[in-house]
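**Student:** Sequence:
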Amino acid sequence: MGAVKTKRMPRAVREQQMLDAAVETFGRRGYMAASMDEIAELAGVSKPLVYLYLNSKEDLFTACIRREARALTEAVRAGVRTDQPADRQLWDGLLAFFTHTGQKPDAWSVLHLQARTHGEPFAAEVAAMREEIVAFVTQLIVVAAREAHRDPDLPEREVAGLAEALVGAAESLAAWANATPGVTAKQAAATLMNFAWAGLGNLMEGRPWARQAASG
Numbered sequence: 001m002g003a004v005k006t007k008r009m010p011r012a013v014r015e016q017q018m019l020d021a022a023v024e025t026f027g028r029r030g031y032m033a034a035s036m037d038e039i040a041e042l043a044g045v046s047k048p049l050v051y052l053y054l055n056s057k058e059d060l061f062t063a064c065i066r067r068e069a070r071a072l073t074e075a076v077r078a079g080v081r082t083d084q085p086a087d088r089q090l091w092d093g094l095l096a097f098f099t100h101t102g103q104k105p106d107a108w109s110v111l112h113l114q115a116r117t118h119g120e121p122f123a124a125e126v127a128a129m130r131e132e133i134v135a136f137v138t139q140l141i142v143v144a145a146r147e148a149h150r151d152p153d154l155p156e157r158e159v160a161g162l163a164e165a166l167v168g169a170a171e172s173l174a175a176w177a178n179a180t181p182g183v184t185a186k187q188a189a190a191t192l193m194n195f196a197w198a199g200l201g202n203l204m205e206g207r208p209w210a211r212q213a214a215s216g
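FYI, in our numbering the residues of the sequence shown are 1 to 216.
Incorrect hints may have been included.
When the alpha-carbon atoms are kept at most 27 Å apart in a straight line, the in silico BS3-like pairs for lysine-lysine are as follows [claimed, not checked]:
id, residue 1, residue 2
1, K186, K57
2, K47, K104
3, K47, K57
4, K104, K57
Computed Cβ-Cβ distance ranges for the label pairs, DEER-style [said to hold, decoys possible]:
id, residue 1, residue 2, range
5, E74, Y51, 26 to 32 Å
6, N194, G119, 32 to 38 Å
7, G119, A190, 19 to 25 Å
8, Y51, T184, 23 to 29 Å
9, S35, R8, 23 to 29 Å
10, K186, D59, 33 to 39 Å
Don't read these hints as lab results, they were simulated from the structure.
Backbone N, C-alpha and C define an ideal beta-carbon position, used for all residues, glycine too.
All chains, full assembly: derive it from the sequences and hints.
**Tutor:** So this is what it looks like as structure tokens:
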């Protein structure tokens, strides 16, 4: 009596159901406050079954990070068409990023807030995802340079720095957009595109910012 009854279903389906419940709980409650009891209850399974499938709270959280990191990187890559002009590729990538993070705020909370603040190995999982996205954005910037510049060879370190800055801005803006009622994915993407593309455009055209000598 009182035990959670579970219907027989394929293990993979049941595991995804548990991960869905865990992402929602971790995203809203935080890693430390979330309990396996409430995750099991939300998933509609018994707590022993959660442990049977996913071993421990730490393993469950790691599985959530890996699944959501993979989903985010796949969404960004799928959103970009390489046959489009460079500015359209960047726009499509940003729109895909903000659409995904806006539609899955609990998942974004897990990746952007929870995983980063509870040490290794969680932070390392997110760092690997971030490196993949930065590498992808780096290639978008390289494409833009080749399209716009008579000399397409921007210094590698400069391109890498631009990609890091753009990804960092997107991460912060996604957190702000999710916490600000009424901000759409298109609005967030347009905000960052307007901020970034004006500067990138000048750089690609050989007009980098330089401090005036008179200003000290």
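**Student:** If a hint holds in the structure, say so; if it doesn't, say that too.
**Tutor:** Hint-by-hint comparison with the structure:
Between K186 and K57, the direct Cα distance comes to roughly 36 Å. Violation of the 27 Å bound is thereby established for this hinted pair. Proposed proximity of K47 and K104 is supported: the alpha carbons are some 25 Å apart, at most 27 Å. Between the alpha carbons of K47 and K57 the distance comes to roughly 11 Å, so the proposed pair stays at or under 27 Å and holds. Taking the CA atoms of K104 and K57, the gap is near 21 Å; set against the 27 Å cutoff, the hint holds.
Distance hint check for E74 and Y51: the Cβ-Cβ separation is about 29 Å, which falls inside the suggested range of 26 to 32 Å. Separation of N194 from G119 is about 37 Å and conforms to the stated range, judged on CB atoms against 32 to 38 Å. Range check, G119 to A190: Cβ separation about 36 Å, and the 19 to 25 Å hint is violated. For the pair Y51 and T184, the beta carbons lie near 40 Å from each other, so the given range of 23 to 29 Å is not met.
For the pair S35 and R8, the beta carbons lie near 26 Å from each other, so the given range of 23 to 29 Å is met. Separated by about 37 Å at the C-beta atoms, K186 and D59 satisfy the suggested range of 33 to 39 Å.
Going through the hint list in order, the structure does not satisfy hints 1, 7, 8.
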